[in-house]
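Novice: Protein chains in written order, with the numbering used here: chain A, 11 to 233; chain G, 11 to 233; chain P, 11 to 233; chain B, 11 to 233.
Wrong hints could be hidden among the right ones.
Claimed, not checked - Here are the simulated distance ranges between beta carbons:
1) B:Gly87 to P:Arg67: 37 to 43 Å
2) B:Arg67 to P:Ala178: 41 to 47 Å
3) G:Pro107 to P:Ala41: 57 to 63 Å
4) A:Ala88 to B:Pro107: 50 to 56 Å
5) G:Glu216 to A:Met102: 36 to 42 Å
6) B:Pro107 to P:Glu171: 33 to 39 Å
7) G:Pro107 to P:Gly87: 39 to 45 Å
8) G:Arg40 to A:Glu70: 18 to 24 Å
9) P:His217 to B:Pro107: 23 to 29 Å
10) G:Ala112 to A:Glu116: 34 to 40 Å
11) P:Gly180 to B:Arg67: 38 to 44 Å
12) G:His132 to B:Ala61: 53 to 59 Å
13) A:Gln36 to P:Ser75: 40 to 46 Å
What the hints assert, rightly or not - Among the chain A residues that face chain G by a calculated CB cut under 10 Å, a handful are:
14) Gly59
15) Thr64
16) Asp162
17) Arg166
18) Gly167
19) Thr194
20) Ala197
21) Ala212
22) His217
Treat the hints as calculated values from the structure; they're not laboratory data.
Built from N, CA and C at the ideal position, the CB exists for glycine as well.
Protein chains: 4
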Amino acid sequence: MRTHVPPTDPSTEPAGPSAEPARRTQAERRARAERALLAAAARLVAEHGSAGVTLARVGEEAGFSRGLASHYFGSKGALLTRLQEEALAEAMAAATPERSGAGAVEELCAFTRAACLDGVRHPTDLGRAFVVLGAEALAGSSELTDAVARLDARMRGWVAEVIRQGAADGEIRPEVDPDAAATTVVALLKGLIVQAATAPGALGLEHATAEAQRWIRLALTTP
Amino acid sequence: MRTHVPPTDPSTEPAGPSAEPARRTQAERRARAERALLAAAARLVAEHGSAGVTLARVGEEAGFSRGLASHYFGSKGALLTRLQEEALAEAMAAATPERSGAGAVEELCAFTRAACLDGVRHPTDLGRAFVVLGAEALAGSSELTDAVARLDARMRGWVAEVIRQGAADGEIRPEVDPDAAATTVVALLKGLIVQAATAPGALGLEHATAEAQRWIRLALTTP
Amino acid sequence: MRTHVPPTDPSTEPAGPSAEPARRTQAERRARAERALLAAAARLVAEHGSAGVTLARVGEEAGFSRGLASHYFGSKGALLTRLQEEALAEAMAAATPERSGAGAVEELCAFTRAACLDGVRHPTDLGRAFVVLGAEALAGSSELTDAVARLDARMRGWVAEVIRQGAADGEIRPEVDPDAAATTVVALLKGLIVQAATAPGALGLEHATAEAQRWIRLALTTP
Amino acid sequence: MRTHVPPTDPSTEPAGPSAEPARRTQAERRARAERALLAAAARLVAEHGSAGVTLARVGEEAGFSRGLASHYFGSKGALLTRLQEEALAEAMAAATPERSGAGAVEELCAFTRAACLDGVRHPTDLGRAFVVLGAEALAGSSELTDAVARLDARMRGWVAEVIRQGAADGEIRPEVDPDAAATTVVALLKGLIVQAATAPGALGLEHATAEAQRWIRLALTTP
DNA sequence: CATGAATGAGTATTCATTCAT
DNA sequence: CATGAATGAATACTCATTCAT
Numbered sequence: 011m012r013t014h015v016p017p018t019d020p021s022t023e024p025a026g027p028s029a030e031p032a033r034r035t036q037a038e039r040r041a042r043a044e045r046a047l048l049a050a051a052a053r054l055v056a057e058h059g060s061a062g063v064t065l066a067r068v069g070e071e072a073g074f075s076r077g078l079a080s081h082y083f084g085s086k087g088a089l090l091t092r093l094q095e096e097a098l099a100e101a102m103a104a105a106t107p108e109r110s111g112a113g114a115v116e117e118l119c120a121f122t123r124a125a126c127l128d129g130v131r132h133p134t135d136l137g138r139a140f141v142v143l144g145a146e147a148l149a150g151s152s153e154l155t156d157a158v159a160r161l162d163a164r165m166r167g168w169v170a171e172v173i174r175q176g177a178a179d180g181e182i183r184p185e186v187d188p189d190a191a192a193t194t195v196v197a198l199l200k201g202l203i204v205q206a207a208t209a210p211g212a213l214g215l216e217h218a219t220a221e222a223q224r225w226i227r228l229a230l231t232t233p
Numbered sequence: 011m012r013t014h015v016p017p018t019d020p021s022t023e024p025a026g027p028s029a030e031p032a033r034r035t036q037a038e039r040r041a042r043a044e045r046a047l048l049a050a051a052a053r054l055v056a057e058h059g060s061a062g063v064t065l066a067r068v069g070e071e072a073g074f075s076r077g078l079a080s081h082y083f084g085s086k087g088a089l090l091t092r093l094q095e096e097a098l099a100e101a102m103a104a105a106t107p108e109r110s111g112a113g114a115v116e117e118l119c120a121f122t123r124a125a126c127l128d129g130v131r132h133p134t135d136l137g138r139a140f141v142v143l144g145a146e147a148l149a150g151s152s153e154l155t156d157a158v159a160r161l162d163a164r165m166r167g168w169v170a171e172v173i174r175q176g177a178a179d180g181e182i183r184p185e186v187d188p189d190a191a192a193t194t195v196v197a198l199l200k201g202l203i204v205q206a207a208t209a210p211g212a213l214g215l216e217h218a219t220a221e222a223q224r225w226i227r228l229a230l231t232t233p
Numbered sequence: 011m012r013t014h015v016p017p018t019d020p021s022t023e024p025a026g027p028s029a030e031p032a033r034r035t036q037a038e039r040r041a042r043a044e045r046a047l048l049a050a051a052a053r054l055v056a057e058h059g060s061a062g063v064t065l066a067r068v069g070e071e072a073g074f075s076r077g078l079a080s081h082y083f084g085s086k087g088a089l090l091t092r093l094q095e096e097a098l099a100e101a102m103a104a105a106t107p108e109r110s111g112a113g114a115v116e117e118l119c120a121f122t123r124a125a126c127l128d129g130v131r132h133p134t135d136l137g138r139a140f141v142v143l144g145a146e147a148l149a150g151s152s153e154l155t156d157a158v159a160r161l162d163a164r165m166r167g168w169v170a171e172v173i174r175q176g177a178a179d180g181e182i183r184p185e186v187d188p189d190a191a192a193t194t195v196v197a198l199l200k201g202l203i204v205q206a207a208t209a210p211g212a213l214g215l216e217h218a219t220a221e222a223q224r225w226i227r228l229a230l231t232t233p
Numbered sequence: 011m012r013t014h015v016p017p018t019d020p021s022t023e024p025a026g027p028s029a030e031p032a033r034r035t036q037a038e039r040r041a042r043a044e045r046a047l048l049a050a051a052a053r054l055v056a057e058h059g060s061a062g063v064t065l066a067r068v069g070e071e072a073g074f075s076r077g078l079a080s081h082y083f084g085s086k087g088a089l090l091t092r093l094q095e096e097a098l099a100e101a102m103a104a105a106t107p108e109r110s111g112a113g114a115v116e117e118l119c120a121f122t123r124a125a126c127l128d129g130v131r132h133p134t135d136l137g138r139a140f141v142v143l144g145a146e147a148l149a150g151s152s153e154l155t156d157a158v159a160r161l162d163a164r165m166r167g168w169v170a171e172v173i174r175q176g177a178a179d180g181e182i183r184p185e186v187d188p189d190a191a192a193t194t195v196v197a198l199l200k201g202l203i204v205q206a207a208t209a210p211g212a213l214g215l216e217h218a219t220a221e222a223q224r225w226i227r228l229a230l231t232t233p
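Work out the full structure, taking the sequences as your base and the hints as a guide.
Specialist: Here it is in structure tokens:
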């Protein structure tokens, strides 16, 4: 069971005698269990909402005891916060991609396609959990509400910046207000995603995404 | 103790200075209490989400006893279902307004303005409760999920119909796919509302709504 | 089961029709249950200490369900606080008796006898619970610590006042410092009670009480 | 890894600049850690009561891991028992001091002063833990209750013995019942300590101690 | 020797629901 | 009709304890 990691420098240990080979594996066990718990939590939240999740079920779903989730995260709220942070990091990365080098309008269209189609078609548990948590956070201001608000703001900021660059390049009409347009682009995205989430399959998502891209092109380039 | 007042129609209760102001029919009292309970439930759901609502609080918030909500609606689920139905009826009415006689594009712009600005600025408890319940219903298929899906479909249908009429009138370009465009219009609406709900005040909603209207006009009429 | 209490004026009810005969019995039921719960709690605290008491046991010990104590008092802390208040009221009454009209020294001796002998020999559950809670409160400042401190101060104040009156009457030597003497009297009482509580039966409480009375007489009257 | 240093006496560890300062015997390390754990436990018990102590906190408070207290003492009960024994030994030593050679009355007065003033002003964690554990043990007979009872008995025995010697020397009146007087002396001590512990600072402890000494002198020597 | 990962029992607390008045 | 007393199931949370490293 002992892993074959060479007994490298334990780095921060206070250098007492016999302090390092076990450490690694303990830490691994812990990290592995924590990941399993978070994955289980994401799955359960995505399927049943945060109210439908119990700490006991998270533990068992992850293949551990009923008490482990409590033991690790301290409280249900802390678990959800943690889950949210993980999801937020993922979402932030997705919300503000690297510029691909293409033109501004193409960039935005690609972003739209990625967010709408890929996000909806190949959803991760974490992504779905984030949508669910974000939706639940609509009622009553919570930390999550703020986090979602910051995410939205960041996404709008990214879009506005792309638009500004496009305007500077002459690709986008200078009359376009970058902030208002960014809000509208993000609205399109979120609105499509919400509709798709509500009625999976009942929507011509392909068509709708193409239409949304057409609107974006028109709105940013039509004289 | 039962007074023998004939059971006059309870639906029009604010009948001005009527004949017998003191005594109410049992049916009237019942209907009045039920409305008060539903209003209280809407307020609580809007503020705390459905998980943050207890039957006891509903009763007390409405000015009655802790047990009355249970007594009337039988169970918490039944109360929420009932609330949902009320909210759905209101939302349905708002989602498919009477045609005003204006042109199709103007109609859609007016609809956008009404939904975004009025809905966000002068929210009703029932409307907010509906948004919250709908958001919660994203996870796990429930009756409410289906109801929201039906509402979305109906809203899209109404928009598509307006677009078809506009196309028939020559006001809207015939190449426009009414269904895809309707999905996009609804996406714009919902996306704006969600952003506004998440970050109240932090959004230039006025500007964004104007921009959305510009997009709709462009998309439907640009050659 | 209906009690034969005449349907007297419900006094504060808002005078709506049909509002009073049931009320009385409900209130009685509630008060009766509450008393039973508090009595059970006092017994359990006296026997096992506050850490050895569970809300479930309180409910069952009182002949009700496991959840009732929680339901009434809200939390274990609230139950203990309530218990403490009841006990404090009893203790306060015992700590500051009405003057009997006897001389000051006799009064203090009688007080000593009452507190030591009667209190130890015929203990009430509430009294024992108070001693236990007070003892537990030695560690970590709590509301109870303060309450006990106030009780002590009040008892000292009463004793000091009796001493002052005795000094004014010429019965007690004027050199006696009333406050220091009061502290010492209370110390005698508490020290005897604690010893008796720790070793029930193993102490010649009768003799010790007589000795304490002798000391008090000597200290207050010896030239 | 085990060094072959002879197992020198671990009881005198602060041995000044010794020969091998770096390496410790296992036994020494063990003893040192155990003392640290007990000291941490004493501090925590004194502050939070025994219910407020967890084995994990004891370990961390002592600067070790969460599991060490468990590892050493086996169970929480064993730790508390051990703590109690340590405290009892200290208390026993304090309760039955060596005779100083002074007269009996002076001895008792000095004892009173030491217990009340020094004990209250310069409390050790162990001493405070003992008081707390003893107080908790009032409810429900435990080993600790018995230990405290034995301690009380021993203290009374010591006092009674001093009184008997004083009587034999003619310094104390022969009519004084040594056992009853001893109980009263101990009551004075404990009562003062308890009052001081309950209301730290709010008590004229200096005056009260002087008064107690006056009482003792009077009671033992007044004809 | 020492750490800390994992377990599971115990308990407080909340709340829908039932039922007596 | 209406109240609120009482129940009991569900669940979060704490911690002593065991065990692998």
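Novice: For the hint on A:Gly59, does the least C-beta distance to chain G fall short of 10 Å?
Specialist: Since the shortest Cβ distance to chain G is 4 Å, the answer is holds.
Novice: Do the beta carbons of B:Gly87 and P:Arg67 sit within 37 to 43 Å of each other?
Specialist: Check failed, 21 Å falls outside 37 to 43 Å.
Novice: Does 23 to 29 Å hold as the CB distance between P:His217 and B:Pro107, or does it fail?
Specialist: 25 Å, holds
Novice: Identify whether the interface hint at A:Ala197 stands, where standing means a beta carbon of chain G within less than 10 Å of its own.
Specialist: Because about 3 Å separates A:Ala197 from the closest Cβ in chain G, which is inside the 10 Å limit, the hint holds.
Novice: With chain G as the partner, please determine if A:Thr64 meets the hint condition of a C-beta pair closer than 10 Å.
Specialist: It is violated, given that the least Cβ distance between A:Thr64 and chain G is near 13 Å, above 10 Å.
Novice: Given A:Gly167 as an interface hint, is the shortest Cβ-Cβ distance to chain G below 10 Å?
Specialist: The hint is violated - A:Gly167 has no Cβ within 10 Å of chain G, the shortest such distance being about 12 Å.
Novice: Any CB of chain G closer than 10 Å to the CB of A:Arg166?
Specialist: A:Arg166 check passes; min Cβ-Cβ to chain G is 8 Å, inside 10 Å.
Novice: A:Ala212 was flagged as interface toward chain G. Is the shortest Cβ-Cβ separation under 10 Å?
Specialist: With a minimum Cβ separation of about 7 Å from chain G (threshold 10 Å), the hint on A:Ala212 holds.
Novice: Do G:Arg40 and A:Glu70 keep their Cβ atoms within the hinted range of 18 to 24 Å?
Specialist: Between G:Arg40 and A:Glu70, where Cβ atoms are some 46 Å apart, the hint is violated.
Novice: Just to be sure I understand the hint, the distance between the Cβ atoms of G:His132 and B:Ala61 should be within 53 to 59 Å; is that true here?
Specialist: 54 Å, holds
Novice: Using 10 Å as the Cβ threshold, decide whether A:His217 counts as touching chain G.
Specialist: Status holds, d = 4 Å.
Novice: Starting from the range 50 to 56 Å, see whether the pair A:Ala88 and B:Pro107 falls in it by beta-carbon distance.
Specialist: With a Cβ separation near 53 Å, A:Ala88 and B:Pro107 satisfy 50 to 56 Å, so the hint holds.
The structure is inconsistent with the numbered hints 1, 2, 5, 7, 8, 11, 15 and 18, although it conforms to all the rest.
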